[in-house]
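Enquirer: Sequence:
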Amino acid sequence: MIASPFPPSDPAPDPAPPPSLYTVKSVAQALGIHPKRVWFYYRAGLVSHVRTTETGEPLFDDEALYWLSQIHSLQKSYRVKREVLQLILHLLHEIERLKRLLNHRPIE
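Note that the sequence shown ends on residue 108 in UniProt numbering; no numbers are left out.
Treat the hints loosely; a few may be bogus.
[Stated by the list, open to error] In silico lysine to aspartate or glutamate, EDC-like type, Cα no more than 20 Å apart, as pairs: (1) 36 with 94; (2) 36 with 61; (3) 36 with 57; (4) 25 with 61; (5) 99 with 63; (6) 25 with 63; (7) 25 with 54; (8) 25 with 57; (9) 25 with 62.
None of these hints come from the bench; they were simulated from the model.
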């Protein structure tokens, strides 16, 4: 058995901090939009939540906040319909996935 590097009286170091989670209201304030708009994007399936509160309200993480800002920007700038937004988001997610694959590819 491997001995612990921590003396018995010292607690183990804390694991990585939990991700920041945001309510609909805090997301709306951060993006400068009405909470009903956040609910619309969420219910339309354009963004997913991380957790749900006891009352059933979705909580969003930093990644969801990023995607909500992208969605709102597209909607505001180009008046893009929901179906087109879904397609654009799918393509953007695919681009992100491919970037991660390329970054982890061994150098030849």
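Enquirer: Work down the list of hints and note, for each, if the structure agrees.
Expert: Checked hints:
1. Under the criterion of a C-alpha separation no larger than 20 Å, the hint pairing residue 36 with residue 94 is inconsistent with the structure, at around 28 Å.
2. For a cut-off of 20 Å, the pair hint linking residue 36 to residue 61 stands: about 18 Å separates their Cα positions.
3. Of the supplied pair hints, the one linking residue 36 and residue 57 holds, its CA atoms being roughly 13 Å apart against a limit of 20 Å.
4. At roughly 13 Å between alpha-carbon atoms, residue 25 and residue 61 fall within 20 Å of each other, so this suggested pair holds.
5. The hinted pair formed by residue 99 and residue 63 meets the criterion: a straight-line CA distance of about 16 Å does not exceed 20 Å.
6. Note on residue 25 and residue 63: the hinted pairing holds, with a Cα-Cα distance of about 17 Å set against a maximum of 20 Å.
7. Pair hint residue 25 plus residue 54 holds up; C-alpha atoms about 16 Å apart against a cutoff of 20 Å.
8. Pair hint residue 25 plus residue 57 holds up; C-alpha atoms about 10 Å apart against a cutoff of 20 Å.
9. The hinted pair formed by residue 25 and residue 62 meets the criterion: a straight-line CA distance of about 15 Å does not exceed 20 Å.
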